[in-house]
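Read off the chains here:
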Amino acid sequence: MRHSDLKTALTDRAARWFIGILFGAVALVVLLNQLIPADSGLHVSSYTVTLLGKYLCYALLAMALDLVWGYCGILSLGHGAFFALGGYAMGMYLMRQIGDRGVYGNPVLPDFMVFLNWQELPWYWLGSHSFPFTMVLIALVPGLLAFVFGWLAFRSRVTGVYLSIITQALTYALMLAFFRNELGFGGNNGLTDFKDILGFSLREDSTRVALLIATAIALALAFVLCRYITGSRMGRVVMAVRDGESRARFLGYRTEHYKLWIFTLSAVLAGIAGALYVPQVGIINPGEFSPLNSIELVVWVAVGGRATLYGAVIGAILVNYGKTVFTGIMPEAWLFALGGLFVAVTLFLPRGLVGLADNVRQRLRKNSGTSNGSKGTDNDNQPEASHEPA
Amino acid sequence: MNLRDTFRRDRVFDVVRPGTRTINPGELDTGGKYLLYMENITVSFDGFKALNDLTLYIEPGELRCIIGPNGAGKSTMMDVITGKTRPDQGTCFFGQTLDLTRMSETEIAGAGIGRKFQKPTVFPEHTAAENLELAMAGPKTTWHTLVHPLNGEQRDRIAATLDTVGLLDRHDHVAGALSHGQKQWLEIAMVLMQQPKLLLVDEPIAGMTRQEVERTAELLQQLAGEHSVVVVEHDMEFIRSIASTVTVLHQGSVLAEGKMQDVQNDPKVIEVYLGE
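Which chain is which? The protein sequence lines are A and B, in order. If you count by the numbering used here, then the first sequence holds residues 508 to 897, one letter each, in order. If you count by the numbering used here, then the second sequence holds residues 52 to 327, one letter each, in order.
Hints are computed from structural coordinates only; laboratory data are not their basis. None of the values given here were measured: they were computed from a predicted structure. Warning: the hint list may mix true and false statements.
Stated by the list, open to error - Residues from chain B that keep clear of chain A, each with C-beta distances beyond 12 angstroms, as calculated: (1) Gly83; (2) Tyr85; (3) Tyr88; (4) Ser95; (5) Phe99; (6) Pro111; (7) Glu113; (8) Arg137; (9) Asp150; (10) Phe168; (11) His231; (12) Met259; (13) Arg266; (14) Ile290; (15) His301; (16) Asp313.
As the list claims (entries may be wrong) - Using C-beta positions, here's what the derived DEER-type ranges look like: (17) A:Gly835 to B:Gly189: 33 to 41 angstroms; (18) A:Phe640 to B:Ala188: 40 to 48 angstroms; (19) A:Gly789 to B:Ala188: 49 to 57 angstroms; (20) A:Trp524 to B:Lys135: 44 to 52 angstroms; (21) A:Trp658 to B:Lys135: 24 to 32 angstroms; (22) A:Arg868 to B:Gln205: 31 to 39 angstroms; (23) A:Ser875 to B:Gln205: 33 to 41 angstroms; (24) B:Asp207 to A:Ala721: 44 to 52 angstroms.
Glycine residues also receive a C-beta, built at the ideal position from the N, C-alpha and C atoms.
Looking at chain A on its own, in the form it has when it is part of the complex (with noise of 0.2 angstroms):
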């Protein structure tokens, strides 16, 4: 039986595995980047280290995800405005960061409330001077959207296919009213044009390199943490309530109270990953609410495997890759290509690219003679099941 407790989160071979591989290839490209001179053929441009960052937070993004998809099964195709309003907290300070450097060089107001004529900041604006208070703004506004579409949508049992349209209509939604100038988050444009953080500017590579190991921590962290989470006995509730809701309320459980709170944590890590994304792409317009984005997210995930966390971050990450060296060749075959790559995986890989690993391996074994133990009888049909359509 499998234990739950922090030490076991902190030190099982996956966990040991994943934040091993992490820093490792982190510690590698800082060394690369850093060390090495520029004109030598192993130097690793400060593109790439920002590149790798990026990855980091879609990986974050996607483990995000795998936490309510792949382990509760809601099926959410709005996440990426989550993602967006932690972005958007964090361009909030570094717009403020910006100071009077500014087009119109206006201590207190961004360019674009002096464009709009504004006199004064917004209410909402208040505080967002602080670093502190963005940090708490990042994990509290998603957080709370969540929290209060999650109760109302879980309470009223909307499950399905229906709770993914709603999620898709609210990142729809918010993506129009963030359009908009009036709402004071700089319209078409977003926010962008930053200068420094905590001030150290934004163009130096230290603090590129200083961005790239914060998120790095902050993916080992929240694996460390969603490990916790689905090795407890509320884990296996949870996956209980993906395997069959309504058994799962008769045995007694509140299985909204369930949802709702792997709902809110996960738009909480979800935040996070868009808050480290800004400082290192930049810019966070309303573009990134698009409900594009957030099916593109569910691809990673499928495209890495379900319910194992890592399989997320794999998926992220190369796909992300596929995606930079593709638009490089082709740009408009992109999204054809993405499409086709879900209907693969749907249709030969369901569990993705992680129960492909574990069907080779469990062959491999097979082979050898070794009789696999418990746990693992499940998946000896999986190679036949992997041909029928999921």
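Given the structure of chain A, go ahead and fit chain B onto it with the hints provided.
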């Protein structure tokens, strides 16, 4: 307080019964002769009487089989006991004090009535032990399940319950990989984890092999005594092998009740059910 309230059955005043210990509200009082009292229950769906003036008593520790043709009201009777269906008329008491017609499904389950459904509905991705862990009686809030891992005593109980149903060697196997019969036993074990006083079992042997049927009969007999067990089943052979008392339902009310041999020879029963 009107007269009706004064004479409510769940308000037996202690002065009336000197010498008995005080029963707190909501506590199960098994002081009476029977554990379950169903009296004059009528349930109708759109004019069709699924239960018609049904009266049934279950003793503590009894193993009772309910038989009857399709539509006799067996499932509806179970639904009334578990609170899924509210009777139009009649009273349904669990022990001396608990009025089941006024309690929610969750409250009834918490009071000690467990039901095993016809179709096995174990959680296929969880191991056998984890299925029992999910079913275990105790606090079920998000916070409690997050911060309290199972303690040794709870682990032992899970192992002991798995042992009772003969699945101890399947402790760490995922439930989806169990055979049909094993899933049924696992589900009985899940109901047992809720420590029920009364166990309702819906068609336990449907789709089982002969060996599994025999094992199930042993299991149910073993459970009776400590729990009251009510079994709904079609298979006469099976009932003959386990039953002490049989109740025959027909058109929503009790047609006959007694030992299997007596019931079998009852001309009314032969006419409507056994004779077919």
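Against the structure, the hints:
no., hint, result
1, Gly83, "holds (27 angstroms)"
2, Tyr85, "holds (26 angstroms)"
3, Tyr88, "holds (24 angstroms)"
4, Ser95, "holds (25 angstroms)"
5, Phe99, "holds (26 angstroms)"
6, Pro111, "holds (24 angstroms)"
7, Glu113, "holds (25 angstroms)"
8, Arg137, "holds (18 angstroms)"
9, Asp150, "holds (20 angstroms)"
10, Phe168, "violated (9 angstroms)"
11, His231, "holds (16 angstroms)"
12, Met259, "holds (21 angstroms)"
13, Arg266, "holds (21 angstroms)"
14, Ile290, "holds (27 angstroms)"
15, His301, "holds (30 angstroms)"
16, Asp313, "holds (37 angstroms)"
17, A:Gly835 to B:Gly189: 33 to 41 angstroms, "violated (57 angstroms)"
18, A:Phe640 to B:Ala188: 40 to 48 angstroms, "holds (45 angstroms)"
19, A:Gly789 to B:Ala188: 49 to 57 angstroms, "holds (56 angstroms)"
20, A:Trp524 to B:Lys135: 44 to 52 angstroms, "holds (48 angstroms)"
21, A:Trp658 to B:Lys135: 24 to 32 angstroms, "holds (27 angstroms)"
22, A:Arg868 to B:Gln205: 31 to 39 angstroms, "holds (33 angstroms)"
23, A:Ser875 to B:Gln205: 33 to 41 angstroms, "holds (38 angstroms)"
24, B:Asp207 to A:Ala721: 44 to 52 angstroms, "holds (46 angstroms)"
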